[in-house]
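Protein chains: 2
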Amino acid sequence: MSETHHEMWEKLNLDIDAHDALLGVLGKFYGDIYMSQENRLKGAEYLDFVLSEVHGLRIKELQDAQAEGRKVIGSFCVFVPEEITLAADAVHVGLCAGAEAGTDLAEQLVPRNTCALIKSFIGFKMAKICPFIESSDLIVGETTCDGKKKAYETFNEIAPTYVMEVPQTKTDAAKALWKSEILRYMAEVEKLTGKTITTEKLKQGISITNDKRRALQRLTALRKASPAPISGRDALLINQISFYDDPIRFTTKINELCEELEQRINDQVGVAPSNAPRLLLSGCPMAVPNWKLPYVIESSGAVIVGEESCIGTRNSRDLVDESASTMEEMIDALVERYMKIDCACFTPNNERLENVTALAKNMNADGVIHYSLLFCQPYAHEALKIDKALQAENIPMLSIETDYSMEDVEQLKTRVEAFMETLA
Amino acid sequence: MSETHHEMWEKLNLDIDAHDALLGVLGKFYGDIYMSQENRLKGAEYLDFVLSEVHGLRIKELQDAQAEGRKVIGSFCVFVPEEITLAADAVHVGLCAGAEAGTDLAEQLVPRNTCALIKSFIGFKMAKICPFIESSDLIVGETTCDGKKKAYETFNEIAPTYVMEVPQTKTDAAKALWKSEILRYMAEVEKLTGKTITTEKLKQGISITNDKRRALQRLTALRKASPAPISGRDALLINQISFYDDPIRFTTKINELCEELEQRINDQVGVAPSNAPRLLLSGCPMAVPNWKLPYVIESSGAVIVGEESCIGTRNSRDLVDESASTMEEMIDALVERYMKIDCACFTPNNERLENVTALAKNMNADGVIHYSLLFCQPYAHEALKIDKALQAENIPMLSIETDYSMEDVEQLKTRVEAFMETLA
Numbered sequence: 339m340s341e342t343h344h345e346m347w348e349k350l351n352l353d354i355d356a357h358d359a360l361l362g363v364l365g366k367f368y369g370d371i372y373m374s375q376e377n378r379l380k381g382a383e384y385l386d387f388v389l390s391e392v393h394g395l396r397i398k399e400l401q402d403a404q405a406e407g408r409k410v411i412g413s414f415c416v417f418v419p420e421e422i423t424l425a426a427d428a429v430h431v432g433l434c435a436g437a438e439a440g441t442d443l444a445e446q447l448v449p450r451n452t453c454a455l456i457k458s459f460i461g462f463k464m465a466k467i468c469p470f471i472e473s474s475d476l477i478v479g480e481t482t483c484d485g486k487k488k489a490y491e492t493f494n495e496i497a498p499t500y501v502m503e504v505p506q507t508k509t510d511a512a513k514a515l516w517k518s519e520i521l522r523y524m525a526e527v528e529k530l531t532g533k534t535i536t537t538e539k540l541k542q543g544i545s546i547t548n549d550k551r552r553a554l555q556r557l558t559a560l561r562k563a564s565p566a567p568i569s570g571r572d573a574l575l576i577n578q579i580s581f582y583d584d585p586i587r588f589t590t591k592i593n594e595l596c597e598e599l600e601q602r603i604n605d606q607v608g609v610a611p612s613n614a615p616r617l618l619l620s621g622c623p624m625a626v627p628n629w630k631l632p633y634v635i636e637s638s639g640a641v642i643v644g645e646e647s648c649i650g651t652r653n654s655r656d657l658v659d660e661s662a663s664t665m666e667e668m669i670d671a672l673v674e675r676y677m678k679i680d681c682a683c684f685t686p687n688n689e690r691l692e693n694v695t696a697l698a699k700n701m702n703a704d705g706v707i708h709y710s711l712l713f714c715q716p717y718a719h720e721a722l723k724i725d726k727a728l729q730a731e732n733i734p735m736l737s738i739e740t741d742y743s744m745e746d747v748e749q750l751k752t753r754v755e756a757f758m759e760t761l762a
Numbered sequence: 339m340s341e342t343h344h345e346m347w348e349k350l351n352l353d354i355d356a357h358d359a360l361l362g363v364l365g366k367f368y369g370d371i372y373m374s375q376e377n378r379l380k381g382a383e384y385l386d387f388v389l390s391e392v393h394g395l396r397i398k399e400l401q402d403a404q405a406e407g408r409k410v411i412g413s414f415c416v417f418v419p420e421e422i423t424l425a426a427d428a429v430h431v432g433l434c435a436g437a438e439a440g441t442d443l444a445e446q447l448v449p450r451n452t453c454a455l456i457k458s459f460i461g462f463k464m465a466k467i468c469p470f471i472e473s474s475d476l477i478v479g480e481t482t483c484d485g486k487k488k489a490y491e492t493f494n495e496i497a498p499t500y501v502m503e504v505p506q507t508k509t510d511a512a513k514a515l516w517k518s519e520i521l522r523y524m525a526e527v528e529k530l531t532g533k534t535i536t537t538e539k540l541k542q543g544i545s546i547t548n549d550k551r552r553a554l555q556r557l558t559a560l561r562k563a564s565p566a567p568i569s570g571r572d573a574l575l576i577n578q579i580s581f582y583d584d585p586i587r588f589t590t591k592i593n594e595l596c597e598e599l600e601q602r603i604n605d606q607v608g609v610a611p612s613n614a615p616r617l618l619l620s621g622c623p624m625a626v627p628n629w630k631l632p633y634v635i636e637s638s639g640a641v642i643v644g645e646e647s648c649i650g651t652r653n654s655r656d657l658v659d660e661s662a663s664t665m666e667e668m669i670d671a672l673v674e675r676y677m678k679i680d681c682a683c684f685t686p687n688n689e690r691l692e693n694v695t696a697l698a699k700n701m702n703a704d705g706v707i708h709y710s711l712l713f714c715q716p717y718a719h720e721a722l723k724i725d726k727a728l729q730a731e732n733i734p735m736l737s738i739e740t741d742y743s744m745e746d747v748e749q750l751k752t753r754v755e756a757f758m759e760t761l762a
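Protein chains in written order, with our numbering: chain S, 339 to 762; chain R, 339 to 762.
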């Protein structure tokens, strides 16, 4: 990233040295994992550019938006309804949570037995190296797991955090609670932005967000092809970028990229031989720059054909019904859409078992690698259930539990390769 | 326990050998920890008897009740409203969750990184050694933590479990969800028992349960005396027994015991010297026979003066308002009472910080020992907050994280003794 951003980062009160060091490591990591890929899409230039400027030009854009009187809302979870943020002309961004930075600091505030993602967002804040957190006018948390729910209480003391209550079942009463939470969020956003969310604006917010999801759905469908036209790493990166970039630009770019993929499929061009094992990743979200496991898998000769996670199909699979016209109908449509999310926070969550199995079949996956962050109890429990559901369909599964450390890379590689051999 | 119960246990399909072995270990454990106490209350005979017959005569009573057409409802948590159970003439009992039995079996169904309490209730079922589970006509779970919420899904496959959704905040919308859950439970209990819960019966259920809580409150208040008139072990046992014994008999017996305590206090008689360090236990519940930490503490020369846990003051502190007369008012009174529980499942849960601090002061505690079960994220997070709140009041705290294994007893003893020295 250019030297010209230093002034901006200083104004955001980042720790410049620590942030420079972070960017240095990330740059090298990205080079090793992404730039080393062969036969990459031309459209990946967009991904490289967005990622190289994610702490630079994108932050500049947030500042420009703020200079125009718009607000920036940062969140950690797919339950925070972007439609409402956009309806108030605010910018919706994901916050840093994918690297091991600041873990030592975070462990002063939360138990060591907390997952890496949570320690990461606390660490990024404490180490002053996340320009998104520092640019946010509102930080929104949610009650999707014990770890985050309790961590936000402490995080709130260093970064005031508005928390949405996500229910734990999908009963009518639970949906009523979620509806009241959506309305409460709407009121909060209106208060923050000083803008009234009209039906027209909400319709527009729904449309923009649905368009983004449709582009991602299109990408998912194209990955059914053999040979795989895009690497799992790049597809993951696209999903990661969907949380950071401007949604309209993102949608345009991903649709362009899908056109290139369609051409490739016509030409039978792929990123891996057509006999490369096709694997579906399933489980916890992988936030930027958590590319460890995808790299381990693909550098072992397999190709990832889908990401069943919040930074993947869990966030793009379901659209908001656009036939709604009144405010009440639109809110209800939002409630219905968000209550379709098959997050492990729900009990029961049998739809996830069905969704993973269907996705694995649909993508012609030879196997599934289930990924749980260490100390993530909801996904660790579901890993056992997913394994059973896949077994019933004769789809092999490998269960991986890891964190952001690089210490287990060789061990992971050994396990992934052994798993791949069983698929042959 | 008498040989005469074997036939009953066989009919319950218990694994007789494994169950005999369990009772053997428990009997020895109880002897070491309880019968070794000096200067014990005369009223403790009741405790000894209940505990010695907890798998015997008490189970016989459940069977007698069932023979009369009454139902038995088993649960794991203080959120399941006993008032409603009693209003349908059903019996409300706690289920086995306090020993390491069957852990190897449980780890086939849930992740290893699951707390001992959860692995215990699954293990007890799988090993066929909990006569309460086998006697239950309805098993009720709840969504108080990720571990239990997800474990009940799997547990449900071996022991059908009805799950109540406990909200995660105390907003009006969350209370509305809880109210709907109370009504749903009421309908379930009516269906199970074939009885209609009338206002009169519910009033009676509330009265019986409040009386039990009042007896426990009386006990708590008496423990303020110095020298401490009762050991923490016996007080914990009383709280444990409150989940198993008939509530009316229990209340009578505990009130008698309180009279004996009052006499002791008048006579300045105690179970420990008046200069023994007074410690408050705070945190996770200790289910029968989880007496490890209390024994470590009291055998080190301190006396425990309170248990801030679900098997302690968290369950007895708040009464249901008895001024309600209509069904609607009574249900609302139940909602209000249960939403006062300061469980770590809520966010925020600042009232717990206040309650622990107030209890420590009120009991003239010299320090607090916070107890978290390993992998219990909600209480592990709150341990850090409780520590901070107590520091602000100059009350020292020791944070212990452990499980049901006996391997760390010596280490715990060393830590507890070191903590006690800092109090001198």
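Honestly, the hints are just simulated from the structure, not real lab data. There's no promise every hint is true.
Remember, identical chains collapse to one label, so a pair may be satisfied in a single copy or spanning two.
Computed cross-link-like contacts, BS3-like style, restricted to lysine-lysine with a CA-CA straight-line distance of at most 27 Å [unchecked claim]:
#	residue 1	residue 2
1	K517	K678
2	K529	K513
3	K529	K508
4	K366	K380
5	K550	K726
6	K726	K529
7	K562	K466
8	K517	K550
9	K380	K726
10	K751	K533
11	K513	K678
12	K726	K466
13	K508	K562
14	K726	K517
15	K678	K508
The model shown is predicted, which means the values in this text are computed figures rather than measured ones.
Hints versus structure:
For the homomeric pair K517 and K678, the shortest alpha-carbon distances inside one copy (14 Å) and between copies (24 Å) are both at most 27 Å. Both within a single protomer and between protomers do K529 and K513 lie at most 27 Å apart by alpha-carbon distance, with minima of 24 Å and 25 Å respectively. Only between protomers do K529 and K508 lie at most 27 Å apart by alpha-carbon distance; the minimum there is 22 Å, versus 29 Å within a single protomer. Within a single copy, K366 and K380 get their C-alpha atoms as close as 21 Å, which meets the 27 Å cut-off; across copies the closest is 73 Å, which misses it.
In this assembly of identical chains, K550 and K726 lie within 27 Å of each other by CA distance neither inside one copy nor across copies; the values are 33 Å within and 45 Å between. Taking the closest pair of Cα atoms, K726 and K529 never come within 27 Å of each other, the shortest separation being 47 Å inside a single copy and 33 Å across copies. For a Cα distance limit of 27 Å, the shortest separation of K562 from K466 qualifies neither inside one copy, at 41 Å, nor across copies, at 48 Å. Taking the shortest Cα distances, K517 and K550 sit within 27 Å of each other inside one copy (23 Å), while across copies they are farther apart (38 Å).
Taking the closest pair of Cα atoms, K380 and K726 never come within 27 Å of each other, the shortest separation being 40 Å inside a single copy and 55 Å across copies. Taking identical chains as interchangeable, the C-alpha atoms of K751 and K533 are never at most 27 Å apart, the minima being 51 Å within one chain and 61 Å between chains. Within a single copy, K513 and K678 get their C-alpha atoms as close as 11 Å, and across copies as close as 23 Å, so both meet the 27 Å cut-off. Taking the closest pair of Cα atoms, K726 and K466 come within 27 Å of each other only across two copies (24 Å); inside a single copy the shortest separation is 43 Å, beyond that limit.
Taking CA atoms no more than 27 Å apart as the test, K508 paired with K562 passes in neither setting, with 31 Å inside one copy and 46 Å between copies. For the identical chains of this complex, K726 and K517 are neighbours neither inside a copy (34 Å) nor across copies (36 Å), given an alpha-carbon limit of 27 Å. For the homomeric pair K678 and K508, the shortest alpha-carbon distances inside one copy (9 Å) and between copies (25 Å) are both at most 27 Å.
Violation of the numbered hints given earlier is confined to hints 5, 6, 7, 9, 10, 13, 14; the remaining hints are satisfied by the structure.
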